[in-house]
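Peer 1: Note that the protein sequences, when read in sequence, are chains A, B, C and D. Counting with the numbering used here, you get residues 1484 to 1725 for the letters of the first sequence. Counting with the numbering used here, you get residues 7 to 185 for the letters of the second sequence. Counting with the numbering used here, you get residues 31 to 747 for the letters of the third sequence. Counting with the numbering used here, you get residues 5 to 487 for the letters of the fourth sequence.
There may be inaccurate statements among the hints.
The calculated DSSO-like cross-link candidates involving lysine-lysine, where the alpha carbons are at most 27 Å apart (straight line), are [what the hints assert, rightly or not]: (1) C:641 / C:657; (2) A:1694 / C:119; (3) A:1703 / C:657; (4) D:321 / D:30; (5) C:266 / A:1718; (6) A:1496 / A:1694; (7) A:1718 / C:740; (8) C:740 / A:1650; (9) C:266 / A:1703; (10) D:350 / A:1703.
Which chain B residues face chain A? A few, computed with CB under 8 Å, are given here [said to hold, decoys possible]: (11) 51; (12) 129; (13) 130; (14) 175.
Derived by calculation from the structure, the hints in this document are not laboratory data. Here the structure is a predicted model, which means the values were calculated and not measured. Even for Gly, the Cβ is constructed at its ideal location relative to N, Cα and C.
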Amino acid sequence: MTELLAKEAHDEKWGMVIDLDICSGCQACVTACSMENNIPFVGEDEMAYGRGMQWMRIRRYWEGEYPEVTPDYQPMLCQQCGSAPCEPVCPVFATLHSEVEKINLQVYNRCIGTRYCANNCPYHARTFNWFDYEIPAPMNSYLNPDVTVRRRGVMEKCTFCVQRIVKGRQQASAEGREIEDGDITPACAQACPTDAITFGNLSDPESRVSKMVRSDRAYKELENLGTEPRVTYLKGGKSYGG
Amino acid sequence: MKSSIPLWQRSSVRIVGALVLLIIMGGAVGGIYYTQIPPEQPIPFPHNFHIGVGAQCSYCHTGAATGPNAGLPTTDKCWGCHQQIEPRNDNLKLVASYGAEGKQIPWVPVAIQPDFVVFSHQPHINAELTCETCHGDLTQMTVAEPQKGQNMGWCLDCHQKMSTPEEFVLLSDCATCHY
Amino acid sequence: MTEKISRRDFLKISGIGLTSATVITGCGPSSRYVTRQAYANMPEYNQTGVSTYYATTCKECPAGCGLIVRTQEGRAIKVEGNPEHPVNKGKVCSRGLTTVQGVYNPDRITGPQKRTRGSRTTTAMEWQGAINTVAEELKNPQKTAFLLGLQSDHLYDLVREITEKGGFGKPVRYGTLGTLEGRSTLLRATQELYGFDQIPFFDMGNADVVFSFGAHFLETWLSPLAYSRGFRQLRKQPFGKRGYIVSFEARQSLSSANADEWIPIKPGSEGQVALAIGKIAATKAGVPAPAIFAEVNLNEVSQISGISMEKLLQLGELFGSDNKAIALPGGSALTTRNGLDAAKAILALNVLVENMSQPGGVFPTFGENHTSDFAAVKALIAKMNAGEVDTLFIHGTNPVFELPASAGFQAALKKVKTVISFSTFEDETAIESDYVFPDHAALESFGYQRVLLGSDRETYSSIQPVVAPIHDTRATADVLLAAILATGGNLASDIQYTDEVDYLQKTITPLIEKAGSYSAGELPTFWSKWLQFGGWWKTTSELNSSEIEINLNQKLSFSAPQSAKVGETFHLVTFPTQMGDGSGANRPWLQETPDPMTTVTWNSWIEIHPKTAELLGIHDDDIVEVKSSTSDFSVEAIVYLYPAIRPDTVAIPFGQGHTALGRFAEGRGCNPAIVWSASVNQAGDLALSDTTVTIKPTGKRRPLARQESKEGVYGEH
Amino acid sequence: MAADVKPFIGSKASPHQESEAEELRKEHLMLDPMPRDEMNQMVMEAMTTTTRKWWAWVIGLGLAVAVLLFGAWGYMIATGMGVAGIRRPVFWGIFIVTFVFWIGISHAGTFVSAILRVFKAEFRRPFTRAAELMTTFGLAAGALYPLIHLGRVWVFYWMVPYPNARWLWPNFRSALVWDFLAITTYLLSSTIYLFLPLIPDMAMARDRSSGWRHFIYKLLALGWRGTEAEWFRLRKAISIFAYAIIPVMFSVHTIVSWDFAVSTVSGWQSSIFGPYFIIGAILSGVSAVVTILYILRSTMKNMDYFIRKEHFDALGKLILVFSMAWAYFFFNEYILSWYGGDAAVKQVLTLHATGPSAWVWYTMLICNVAIPWLFLWNKKVRRTPWLMFIITLLVNVGMYAERYTIIPLTLGHQRNPFDWGIYNPTIIEVSIALGTLCLFIFLYLIASRFIPLVPVWEVQEGQMSHTLRKVGKTEIPSVTELE
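Could you put the whole structure together from the sequences, leaning on the hints where they help?
Peer 2: See below:
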C-alpha cells in the first residue's frame, strides 16, 4: 500500500493539452467546470464589473478586418505552473505546490485573502470570493460534496479537478493497479464537444498528453516568464494545414 | 482629583473586572464543553453492550472499508435482530416502534469533519488502522462520544508515525485532505 | 411506478448551506452536529458518500443526447455525457450541463394549480382534481387541441396515439430551434428532391470540403454535439489531413467563426449562390451542368449576394474539385421567402458531387419524422380565433414567448375556453393558462426519445428518473392516461396503458426482437438494460450506401431577396445561443456562461457593424429601438459593436426577453420574436430571415455584462 | 538662565550690529533664548489649553473615525470585500495605495528626527517631536491596512509565526510576511524612539501639573530626576536609536516596495523600486511635516515662537531636493524600461500616460515635479507658511497619485488585453481611507494635549549651545556656524 503510494506519487505530474485548432470556443468547458466545482454565479452587475467566478475563461480576440475578421479563442485556466508566481507570495502557504499531483493547490481554509497571488498571476486565472454568494434553495442541492463550498474572502482557481484525481487514485489503488492514461478526466475535458482538451500524466512518456506536448504546434502561454506551465496549447488557426 | 486611591485599587473596579473576566472565561469553557459533549441521540444506543455481544463495527457501519463514509445503520438493520428481542425497556420499545412502522431512526452522527476536510475511511482501513484509533474505546461508551483533540496536528502526528519520511512528504500534502 | 424509484431519501443538506459558517473553525456549536436521516430501505449499492450514476437522456433540446447523471444521497450532482451513446459519445454542451439547475430551480411550480389568466394569482389543487379537469376536457375531441414541443419523445407518441384513436386533431408542434433552422423546410426539400421522408444525416466528419449555408452546426443545428464531433473529425482526419469549411451567412456565427472562410453574403441570396456554385463546380468537374444549375446567371448572383465573381469562381472550383465535398443547408438560407428552393439548391449540390450515401456525404436516417411547421401553428391560431378550440393542452413549448407577436397567438388564446399547461415553470404561456399541471423536471421523469437526427444508427434514448421528484408534480403521460381512464368510453378501451411506464414498456417491447447493442430474453431484463445503458441502439453504423435516384432536371425560381434600404432598414438576423428556445434562460449558469462570440452574459444585445453604428451615431452599450419595418412591433436592445457582421445587417440572439420564467430569466434583454415578420416561405416555415428593421437610438445606455475588456479588445476607453 | 546667556553676535555691538542681531534673533529660534521656566510654561500652556473648538474637532473626528473607518470596515467584514471596488484584475486598490501612502508619511518623522539629529542639523530641534509623532501615528493608521485589506481579517494572526496544532508556519518567502515583520519592527522602534526624548519633558510636565495629568506624567517620566547619569544614559540611548532606526527606516520602505518589486506584474518588477519608494516616502513625509507644522503653528498657543519661517525655509529646500531626486528615479524607471524593451512594461507605462486614467499620472507629475520646481527655488515662497502649506499638501496629493498609478492602474493593464480592467473605487473604500486620515488627525489632536509637541529640553539645549562661552579669557561661540 505505502509502496504503491510512493511509487505513484513519483509518477504523477498532471498536465493538459488544449488543441486550439479544434477548440470551437463553444464554452461548454466553462459551464462544465462551474457545475463540477460548485462555482457560484454572481449575476449581471457583478459580471459586468469583472467579478465573474469562472475558473475557466475563453479569451476571444479578433483577428483581421471585415470581411476577413475571425475570432481567436484561447481557453484560459490555471496553468498549474511548475514554478508558479502565486506560490512564493502567499504569506500563509494557502497556495502551494502539491507533492503528489505536482499541481498548484489552493487551500481554501488556509487562505486569508491577501489577493497577492491573484495580482501576481500573469494568466489572471484566479478569482476571489468577493461576497458569500447565495445559491437559493433548493438549487444548492446539486453542489458537489467532493468540493468545498468557498465562503467570502478566499481565493480560488482551477484545481485540475483534484477531487477526481484523488478519487481516481484511490480507485486504482483499491483495485491494486496503477492509474491508466484516460482514467482521470477533469470536467472540462470530459464535456468538451470537440475533444480539444486532453488531460493526462506528463511523467509518463507514453501518455497522450506527453505525445501531444512533443508536437511541433505546441506552445505554452507566457513561457518566457519562466513559469513552466503544465497546460500546453497546440497552435491552431486557419493558417495551419489548410 | 480628590481621592488618593488609584483607580485599580478601588474594590468596585476590581469586582467589575473580575466579573467580566469570569463571564468571558465561563463563556469560553461553556462553549468548549458544549462542543465536546455527545449530542442527544433519538435512542441512547449502547455501543458497549452490542460490542459485548460480539457485533463487529462493520456490521452496522458497513461503508468503512469500501468508501469514504462508514455510514449509519438503517432501521432495517436494527429491526433484523430486534424483531426477535422482547422490548423489555423504553429504549427497546422505541426501537420496536421505529422498526414496526418502518420509520428511519434519525441518528446524529458524532464523528464528523468540517466541510473543508475531505476524509475517506477506505485508505485508513486499508492501512490497517483499527476503529478505536480514532473513535475511542467503544467498549467503554454507551452513545458514541466525540474524541478530544482531533485537530490537524493530530492527523499529521499519526501520518508521520505511520510512514517513512519520504512518504510523509506525500501524506502531509495539503491536497490529501483539503480541496 | 414512481414509488419503486423513490428508494433514495433525502439527506438533510443543510450542512452544505452551512459550509460557509464552518469554514472558520469547523467547530461552531451550531454546525457541529448534523442530523442525518438514514435510508429507510437502503439498497446495498447505495452508500452514503458514494456516488451512483444513472443513464438518462437530455431533454434540453430535441437532439436527444445520452447523459450519465451523478447522484449522491438522492441528489443529482452533475450531468455528464454517456460515452456509449451514438449521438454525443460522452460529450455534453452547456445546456445539458445546467439541467440540474432546472431540476433544483427555486422558481419551479410545486404542484397543480388553478390560475387566473394573465396574473400570477394561483390556487393550489389536488392531483385528483387535476385529473378530473383533464378528463372533462378530453370529452370533446373535436374542440380539443394539443400543442407540443419539438421533442420526438414518448409523450408525443402517446398523444399521437390518443389523438388518432380518440378523434382529436393532429397534435401541433412548435419549437424555436426548429424554426430558426428551417427544419420543416429542410424536410420538405428532402422529400421533394431526395425522395425520403427524413431530415438527412450529413456526414461532415468524413468530408474534405464543407460548404455551410448558415448551418450553426456547433451551436444548435439539428444535433449540435453530433456535428461538433463531425467538426473535430473533419479537422483531424487520418494522416494529418484537415477538412476545409466555407460558411455563407450574413452574421458570423460560432460555426462560421470556426470555418476556414466566412463569406458574408446578403441574407436571402443563399439559394442562388448555391446554384452558381453548382454551375461552376459542374464546369470544373467537366460534366454538363444539370438543369437545376444550368440557367443561373453568375453575374447576377455575384451582384445579388455581394460575392465577387472571382471569389465565386474560386469557391465553385473548390467545391467541384476532386475533394469529397458536402453542402449543409442551414437556417438563414431556409427561413426566407425563397427558403424551399434554396434548400433544394443546396441539397442539389450534394447530388452534383455524387456524395449521396457516400462517406462524407448525405445519408437517409431512421424512423419517421413528424415535424410540424409554422403553417400548422397558423392554422391552429386561425381555429382558435374562430372559436373552434375550447381546450388547448400545451406541453414542452412556450408559444406566447416563442411565436412572433404578429402571429397573434396571445390574442387567439383569449378565445380558448380552457388552456391547460403542463409546464414545470411559470412561463409566459403558463401565466396565460387556466390550469398548470406541472410535469416532472427532466431528471425526475421516465420516457424515451427517438433520435432522428445526428445518429448514424437507429437509436432510442431512454429517460429515467435519477432523483425522486422534489415537488408535487406528475408525469403528463400519467395525467393523460389517468384522465382517459376517468373519461371511460371508447377512448379508455382503446388506450389500455395503466401508466407511463407501462406505455414505455409496451412501446419498446418490439425492440427486444431487433438486434441491438444488447439482447435480453424477456421484457424485465430488457427494461433493466434499457435503463442501465441509457437506451437502445444498433451496434454498428447503419449508414449504408444504397443507391438513390435523384432527378436534378427541375427548375427553381427565385424571387429577389428582401432588400434593405441603405442606412435606413437593416436585415435582422436572429441566431440561437446557449439559451436554446428560451427555456434555458432560467438556468443561472447558462446566463453566466459568456456568449462565445461576444462574451456577453445575463443579457441580450443587438450586433451592429462598427461602421454602420458610426453612420447612425450609435455607440457601444447604447440602447436602441429596433422596429419591424412591416409592423408596429418594436423592442429595445443594447448595442454591441460587432466586427463580424455585414454592415447592412443587424443581429439579435434568441432566448432572452422573458416576462416570466422565474427570477433568473425575467426582465433581461429583448425577445426578437416580437419583431419577426409572420410571413411564411413555400414550405410553410416562418420566413424570419426576411425581417427588416429600423434602428433608432433611444438616448439611454446600459453597459453589457461582458467578460472581455472593451478597452483591451477594442481599444475603447 | 537668560541672564547669564548672551547671544554671541550681540556681545560687542554697534547700533548697526544691534539691529542686525535683532533681525537674527527674530529669525532664529536658537538665537532667541527665553528663560527656561517661561518656556516650560509656554509649552505647558499650549498643552493644557483646550478650547471649545478643539473639543468640537475631537468629538467630530472621533465620530468620523467610528463611522467612516470602523463602521465602513465592519460593514465590509460582514458583507465581503466586494463592497470595495476591487475586481479582477485589479485586486489591490485604494487600501494598498493608502497603506503605502501612510507608510511613506511615517518615514519623514524618522528622517527629520534621526537623520537630522545624526547630522546635527540645528534647525531640527523644535519639530523633532512633531515629526516623530507623525511617524508613529502614520504607522498606526497605515498598519491598519494590511488588516483591512484581508479577505478574512479574523484569521490575520496566521501571518504571525507561532507554534500551533496545525504544524503550520507562515511562508517566509512571501514579501507580505516581511512586510508584516518590518512594519511591526518599525512601529516598535519608532515608538521607543519617540518615547526616549520624551522622558525629560514628561518629568518637566510632571513637575508642573496636578491631578490625572500628574498621575500620567509620573508614570511616563519613569522617575526621571535629571541627574547627570540619567542624562548620560538618555543621550547614549537616543544616539544609539538614532543610528539604528535609520537602516530600519530604509529597510521598511524598501520592503514595502518589494511587495511590488518581487512580483511578476509588469510595471512592478523593477530593481529601482526600493530607492524610488524611499525617496518618494521622504518627499511625501517631509511635505507632511511642513503641513503639520503649519497647522500647529496656526492653531496652537505659543507655537509661533518655536516654529519660525526659518524652519519652513529649511524644509522647503529639502523638499526641492527630494522632488528632484524623485524625478530622477521616475525618469530612470521609464528610460530603463524603454531601453529594456519589455513590451508588456512599455505598454503599461504608455497607458499610464495615455489611458483612461491618465489624469492621475499627470496629477502626479504636476504635483511632484512641476509645482516644487517652479516654486520652491524661491526663498519668498519658502518663507511664506501658507504657501508652503498648500504646496506640501499638493505634493502629498501627487504622491498619492503616484501610488495610485503604480497599484490599480498598473494592475489593470497587464499582459493580456482581454483581461484588462478599470478600477472604480467605491464609497466604502474612500470612506475607510478618509477614516484613517481622521484617525491620524484625531490621534494627533489628542496627543497635542497630552505631550509637549516641542521637545523643550532639546530647544533649551540648543539655545544654550548657541551662546558664548568663556574659554579662558576669550569668549567663543559654542556653535561656530548657523546654517
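Peer 1: Run the structure past the numbered hints and jot down the numbers of the failing ones, going up.
Peer 2: 3, 8, 11, 13
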